[in-house]
Every structure is written in C-alpha cells, then in structure tokens.
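Asker: Residue numbers (our numbering), protein chains in the order written: chain Y, 4 to 428; chain C, 4 to 428.
Simulated from the structure, these hints should not be mistaken for lab results.
Some clues are possibly wrong.
[As the list claims (entries may be wrong)] Covered stretches of chain C (in silico footprint by chain Y; criterion: 3 or more residues with CB under 8 Å from a CB of chain Y, positions within the stretch not fixed):
#1 199-211
#2 220-233
#3 271-282
[What the hints assert, rightly or not] No farther apart than 25 Å at their CA atoms in a straight line, the calculated lysine to any residue pairs in the SDA-like style are these:
#4 C:K287 - Y:T229
#5 Y:K307 - Y:R321
#6 Y:K287 - C:P365
#7 Y:K334 - C:G286
[Said to hold, decoys possible] In silico contact screen, one side only, chain C against chain Y (beta carbon under 10 Å); selected entries:
#8 G239
#9 T244
#10 H248
#11 R254
#12 V267
#13 V299
#14 G393
Built from N, CA and C at the ideal position, the CB exists for glycine as well.
Number of protein chains: 2
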Amino acid sequence: MILPTLTAEAFSHLRVDADRLKSDFDELAQIGATPEGGVTRLALSPEDLRARAWYAERIEAAGLLVKDDDAGNLSAVLPSADLNAQTLLIGSHLDSVPNGGRFDGSVGVLSALECLRLLRERDVRLPVTLEAISFTDDEGCWRSLFGSRALAGMLSEDDIFDLQGDNAPFRAALSRAGIDPRAVYRAERAHNRLAGYVELHIEQGERLERTGVNIGVVTDIVGRTTYEIVFFGQAGHSGTTDMYHRRDALRGAAQFIVRAHEQVRARYGDGVFNCGDIEVKPGKFNVIPSEARLIVECRHAREKLMAEMEMLIVQIARESAASNGLTVESKPVAHMPVAPMSSQVIRAVEQACSLLGLSTMPLISYSGHDAQIISRIAPSAMIFIPSVRGISHRPEEYTHWSDVVNGANVLLQTVLKLALSDRID
Amino acid sequence: MILPTLTAEAFSHLRVDADRLKSDFDELAQIGATPEGGVTRLALSPEDLRARAWYAERIEAAGLLVKDDDAGNLSAVLPSADLNAQTLLIGSHLDSVPNGGRFDGSVGVLSALECLRLLRERDVRLPVTLEAISFTDDEGCWRSLFGSRALAGMLSEDDIFDLQGDNAPFRAALSRAGIDPRAVYRAERAHNRLAGYVELHIEQGERLERTGVNIGVVTDIVGRTTYEIVFFGQAGHSGTTDMYHRRDALRGAAQFIVRAHEQVRARYGDGVFNCGDIEVKPGKFNVIPSEARLIVECRHAREKLMAEMEMLIVQIARESAASNGLTVESKPVAHMPVAPMSSQVIRAVEQACSLLGLSTMPLISYSGHDAQIISRIAPSAMIFIPSVRGISHRPEEYTHWSDVVNGANVLLQTVLKLALSDRID
Numbered sequence: 004m005i006l007p008t009l010t011a012e013a014f015s016h017l018r019v020d021a022d023r024l025k026s027d028f029d030e031l032a033q034i035g036a037t038p039e040g041g042v043t044r045l046a047l048s049p050e051d052l053r054a055r056a057w058y059a060e061r062i063e064a065a066g067l068l069v070k071d072d073d074a075g076n077l078s079a080v081l082p083s084a085d086l087n088a089q090t091l092l093i094g095s096h097l098d099s100v101p102n103g104g105r106f107d108g109s110v111g112v113l114s115a116l117e118c119l120r121l122l123r124e125r126d127v128r129l130p131v132t133l134e135a136i137s138f139t140d141d142e143g144c145w146r147s148l149f150g151s152r153a154l155a156g157m158l159s160e161d162d163i164f165d166l167q168g169d170n171a172p173f174r175a176a177l178s179r180a181g182i183d184p185r186a187v188y189r190a191e192r193a194h195n196r197l198a199g200y201v202e203l204h205i206e207q208g209e210r211l212e213r214t215g216v217n218i219g220v221v222t223d224i225v226g227r228t229t230y231e232i233v234f235f236g237q238a239g240h241s242g243t244t245d246m247y248h249r250r251d252a253l254r255g256a257a258q259f260i261v262r263a264h265e266q267v268r269a270r271y272g273d274g275v276f277n278c279g280d281i282e283v284k285p286g287k288f289n290v291i292p293s294e295a296r297l298i299v300e301c302r303h304a305r306e307k308l309m310a311e312m313e314m315l316i317v318q319i320a321r322e323s324a325a326s327n328g329l330t331v332e333s334k335p336v337a338h339m340p341v342a343p344m345s346s347q348v349i350r351a352v353e354q355a356c357s358l359l360g361l362s363t364m365p366l367i368s369y370s371g372h373d374a375q376i377i378s379r380i381a382p383s384a385m386i387f388i389p390s391v392r393g394i395s396h397r398p399e400e401y402t403h404w405s406d407v408v409n410g411a412n413v414l415l416q417t418v419l420k421l422a423l424s425d426r427i428d
Numbered sequence: 004m005i006l007p008t009l010t011a012e013a014f015s016h017l018r019v020d021a022d023r024l025k026s027d028f029d030e031l032a033q034i035g036a037t038p039e040g041g042v043t044r045l046a047l048s049p050e051d052l053r054a055r056a057w058y059a060e061r062i063e064a065a066g067l068l069v070k071d072d073d074a075g076n077l078s079a080v081l082p083s084a085d086l087n088a089q090t091l092l093i094g095s096h097l098d099s100v101p102n103g104g105r106f107d108g109s110v111g112v113l114s115a116l117e118c119l120r121l122l123r124e125r126d127v128r129l130p131v132t133l134e135a136i137s138f139t140d141d142e143g144c145w146r147s148l149f150g151s152r153a154l155a156g157m158l159s160e161d162d163i164f165d166l167q168g169d170n171a172p173f174r175a176a177l178s179r180a181g182i183d184p185r186a187v188y189r190a191e192r193a194h195n196r197l198a199g200y201v202e203l204h205i206e207q208g209e210r211l212e213r214t215g216v217n218i219g220v221v222t223d224i225v226g227r228t229t230y231e232i233v234f235f236g237q238a239g240h241s242g243t244t245d246m247y248h249r250r251d252a253l254r255g256a257a258q259f260i261v262r263a264h265e266q267v268r269a270r271y272g273d274g275v276f277n278c279g280d281i282e283v284k285p286g287k288f289n290v291i292p293s294e295a296r297l298i299v300e301c302r303h304a305r306e307k308l309m310a311e312m313e314m315l316i317v318q319i320a321r322e323s324a325a326s327n328g329l330t331v332e333s334k335p336v337a338h339m340p341v342a343p344m345s346s347q348v349i350r351a352v353e354q355a356c357s358l359l360g361l362s363t364m365p366l367i368s369y370s371g372h373d374a375q376i377i378s379r380i381a382p383s384a385m386i387f388i389p390s391v392r393g394i395s396h397r398p399e400e401y402t403h404w405s406d407v408v409n410g411a412n413v414l415l416q417t418v419l420k421l422a423l424s425d426r427i428d
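Same shape as in the complex, but just chain Y (with noise of 0.2 Å):
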C-alpha cells in the first residue's frame, strides 16, 4: 500500500479539544477522590480498577481499539492503514501514591486519548500506529513501573516469584485485576515495532514556574542509587560511660548526614542525596546508640558522576564511622541507571513548541518515569508542563488549565512530527 505524501505542515493547525479534554480529567479525577481534593489510586486497588473500566469505555466510545496487555498495561490504538507499520506510543499512567494529585500521570494518559480521538475524527491517517497507552503501577505501589518493565521485556522472575519478599500479596492483586502473574513475561513488545515513546507530565518541580517558561524538554532522567548504611558502636549507660571511651552510632551517624548534605551540594551542584530514614537501635533515652540504620538515595545525570557521588557518599561514611570508633556497612540496596531520552524526539518537541509559539528549556527528570524504561528500547523524550509551587504526590498538586492544554497541543504536533518525518534512529 503506497500512502499519500503527507507532511506534519498539513496539520499545523490541528489542536486538541480542550474543553473534552477538561471534562475527560474530571470525570475521572472523581474516580478515589479524597476528601482533601487528592486522589487515591493505588495500582490494581478497586478505584484503579474502576479508573481502567472508565479509561476502556472512553477509548471505546471514541471509536478507537481497546488494547490491554498481559502486564495490564491498557491502551487506546489507532491503527496506521500499513499493517506494517511500527507503532508510536504515547502516554503516562492512571494510578496514584495515597492521597496524590490529580494530575500526575492522569494528564499524560488523557491527552494522548485525546490526540487519538482527534486524529481519528479528522480523519487524519499516518504511517504509524498510535497507541495511548497507561502503564500499571508506575508508582510502586507493588514494583516501581511494573507496566513499562514488562514492556521492555525487563521483568525477571524475582519480581513476581521471589520467594525472599513475599510476593504473594501482589500476585493475589494481579490476579484479581484478571492479570494472569505467570504470562506477564508475554507483555515484552518486540524493539523493532516501536517507533517511540512521548511522555507528557508535570514537572513536580518549580523550574518553569519560577523562569516563566512554557515547556520543560527533558534532556535525561536521572540515575538513582539507593543505599543501606549501617553504623555499629557500642551500648552502654548514657550516664556512667566515659564521655571519652564512648562509640555512639548515632553520633556518627549524624556526621555523615550533615557531610554528606554539605558536600555533595559543594561539589555536585546538580546531584541530589537524600536520607529519608534512620533507625536507632537500641533506641532508649538512657543507652548510648550502638545502631544507627539510615536508607540515603543519590541521584544524577551523569552516570560517570552518579559514581563519583556514590564513592564519596561511602567515603564519608567510613570518616564518620572512623572518628567515632563505629565500623560502618554500606550497600546499595537498587540501582536505576541515568536514562537519556532520544536527541531526535526531543527536536520534534521543540519542533512542536516552536510551531505552538510556546518557549521551552531543557529540563532534567529528577523523578522517576516510565519513559526511563521504554527509553531503552525505543527512542524517547518527556514534555513537562509547570507544577504550581513544584508540589507533587499531595492532593495539594496543581497545573493551570492551560499550562495542560498546551501540553496536549505538544503532544499532538510531536505525535504529527515523528509520525510524518522519517523513520526514527
């Protein structure tokens, strides 16, 4: 079958209905709502399920395909008239963190329903297959972007029948949302029938609202590596143990929070360390503390950098730990590497801002996202839209009606983009 010569400049002046789009996210912002204005979808929980049940209706009532696969992975399709032709993903993922905002996620996957339902109404046809896609449990609900690993084909065995963890409760989930746990493997797409990814989201950070910008092109999603450590000393009686000969775990421990913050800011402007949580053991106002057990996570674009954080955030534990008299044990307990998105995806964004009059910068992905996986196999590239204070994962999250609109008009000019110029390398 030989197409008609088409050009992404005949549909320049395509937009997205917004106010369909609009009524699109309310309808399903309803679906967990909390009573502080949040959302509470965790993945495979019955508001989940509920939010797929509205998601296949409104692809259906849009007259496009339902497509769910063995991941529960469940996505709208507009075929290209070539059964040959590779397909563009696009979207993000309908489930939520406890009490999260309404538009983390959500917004990704309802404007890419809502580029298909256009496209298909004017009857636009490309030489792609577009699919609209929303991943399960990219949250973490069960396993940190469950959806998009299984896609990828980058699931092991441990992740569903890891005897260790107790993997049960998840598989009992899976099967409940009718997702058979032993053919999840069977949701891999072969590399070479994808053509893309696109990845519309909120930034849940403050960069574009405090520069005015329209766009954030995210150039990488950060690394992340996140650590055990464990200082040892020794218990003993807080009044009577010589001042002198003491071994206190969280003394040391303290240390190395407060030179690890300072130094990692000194000398890696763009990295981040966090350390979320600490357990003394024995934990009583009158023992010295002989454990301290903090979890610390270090992130960063560069993966040679990543490293050199990594070496030095273990280097300042074992100072700390050497000038208290503790011993100290460091391990990282996961590990996501740096994910670059695609160079020529993000000039079809660019494109597209450019075509829309809106003004982008390049932005890093601090955060998770499912384009970090599916950017492995497929070139990839995420369009951030501003996040009012930068707040995310509370019901207090907000984006300005038209900061989405004009995300979903991104999407749509990236989508024509890629689908109308040369295959993508």
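Use these hints to put chain C onto chain Y, whose structure you have.
Answerer: Chain C only, in chain Y's frame:
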C-alpha cells in the same frame, strides 16, 4: 534503757563472712539467670518475686526480722534494744534490667544482709535499728526508683493512677505481687525516724579500675533532665524538590546532634549529653523528612551548670532549626535534681576505708540510685566498688570478688561508725 557506752573502735576487728556472702551471691544469680551469664529479674516479674521469696528466707534463716512495706520494699531488720531508736537503712535493689548483670543492686542488698547477720551473730547491740532493704523497681521496669520514692513519700497519684499513661498493667503487676495499688502511699516513713542511708554499689564506670583505687566515695549523684526535641520541616519528593529550598527535618536534627555533642564536651567537661533515639517521618527513602523527633538527656552534678547545659541544648536546637528553615519544639519530659550526699556519712565511709587500709577517691555518680531519693529525707552516702571495664547492664558485668568483700567490709564499718557516733545531722 541505758545502753553501754560503746565506740566503733571496739568492733574495728569485725569483718563480713566472705564465703557466706559468696554463697548467697551465687544462689541469687541463679534466679532469672540468662544463657549469656546475666540475669533477668524485671521488677514484679515471677523472677523478681522468686528473688524476694528467697531473700525473705535468707533473712529468716539468719534470725532477723522480715519487714515488707506497702510499696513492696523488702527488708531484714535487726532491732535496737532502744525502742525509740532511729533506723539506719542500708541496701540497694534485687531487680535487674533485661539480661543485666549479676552485681548491679544484688551486691548492695546481700552485703547489707551479711552486715546484719554478722552483727546479730556477734551479739552486737547498737543504739540504732538496722534495716537491710531491697527497694522495689529501682531499674524502672514500671516506675524508676518506685520503692524509694514511696518510702520518701514522693509518689504522686499519677505514678499509679494516671489515666493518660495507661497504668493498668502496672497496677495489675502490683496486685499480682500482693501490693495494693491504693495503699502504696502508706510506705512513707516519718523522716525523723531515719538515721541515714548507705548504699553499696558497683561503679558501672571505669574510673576506679583505671586509677587502681579500691573504693569510690560518692559525693553527688548527677541531676538528669530528659528532653523531647522535635524538628518540623516540609515533606517533598526527594528528587524533584529544589536542593536550595528543602526544609529537611533530619538534616537539622543531625546538625543538632553533632553540635550538641561538640559543645557540651567543649564547655562542660563533667556534663553528659546523650541522644538515644530519633524517629523520622514519613521515613521513606525517596521523601524529604518532614519531622524528626529526638529524645535527649543531660546530666550534671551541679544544679547551676545543669541548668546552663539545658539552655545551651535548647539554643543549639533553635540554631540548627533556623539554619535549615525548620521549626523546633523542645520540652523537658523528666527531671531529677542533683542529689548531694551527706558530708557526715561520707566521712564515716572514708574513716571505714582508712581503718581497712583501702584507698579511696571521691566520685560523682552519673547513674541514678535509690540513694538519690533517700538523700532527700535522710543523710545518705554511697560506696562504689570497681566494675571491670566499666561494663554494666549487660551479662558481662563483672566485679572481682575481693572488691565485693572490700565493699561489704566498708559498709559494715561505716554502719558501726554511724551507729556509734553522735546523731547524724
């Protein structure tokens, strides 16, 4: 009745029966013995009740009177021939911390029993009644220093009937031990009936061992204030929140811990600071801590410097909060004033040591003891004997038997000095 004019010199040859004391010690160490070589005799537990029953048997076997009061304090009594005589208390406690040592408390009670037993055997009639007392719950399994506080008339209704803290389990434990919670106040003694109190105890520190001195003569028991300090910040996504706009409660708390240790050390050589626990909210690796709740403790032997130290601590907390954009709340949750020992009783202890050819050094007690309570109503002193490596509250707690015998003989000769000197002021 006119008593013969006796002097302590007449009995300066008396020594405790070291073998009999050792035999008692070994029997008692069996009660609540732990596999690690320590003991677990939590106050009012079955093990504690067995230890008390055993002690009552030993008292009766020695031909002494058994006395138990309404707070469960259990004593051996050697009455004076003078029916109007005051009572000289000596003793300590039979209860222990979980898997504690065999010497803490036991040495004081058993040596006191041995003193009375020996004096009865030798038919020494004194112008004071002697009482070898074991105080209830010195270690604070339920209420720290419960028995001595009851005896001193310092228990409030809240200690037993406070409705906020649930005291029902404590009342039930008292009842199971045959103690009527409503009658505890009746354990109060008329202050003018007490001639004094002397407590023999292991040092629980290394000062005697390191200097090679036989006996520590306690001059003061430190005052102690326990504070709860809470730092409040702002939770946020650990990746996306701007590094320069974080209000990290744990970072502020860590800074506080480091500075408080440093400055207390620099300014108050004899002061003690301990931060024994910290609780972080929400306590997730990828969320900036919004709250850090600390329990800290200050000890000092001078009331004025203690108050200064507390002010310093609160000041450092405020500074650490301010420099991290946090707010902080600090409140004292417990306070025990400094307890100076009686110079007259101290002199009797020193004379006893001199008589026995034992070297002495004045010591501050950095741990709490029943003597700090009784000192408020009667002239008191404490005799410390060396603890190997200063270890206490652990199964490895150890004191050479020769040191125990030294301590028991010092106690015996101190009792004779006090009983046969003029009335203690």
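Asker: Looking back at the hints listed earlier, which ones does the structure fail to meet?
Answerer: Hint check: 6 fails alone, others pass.
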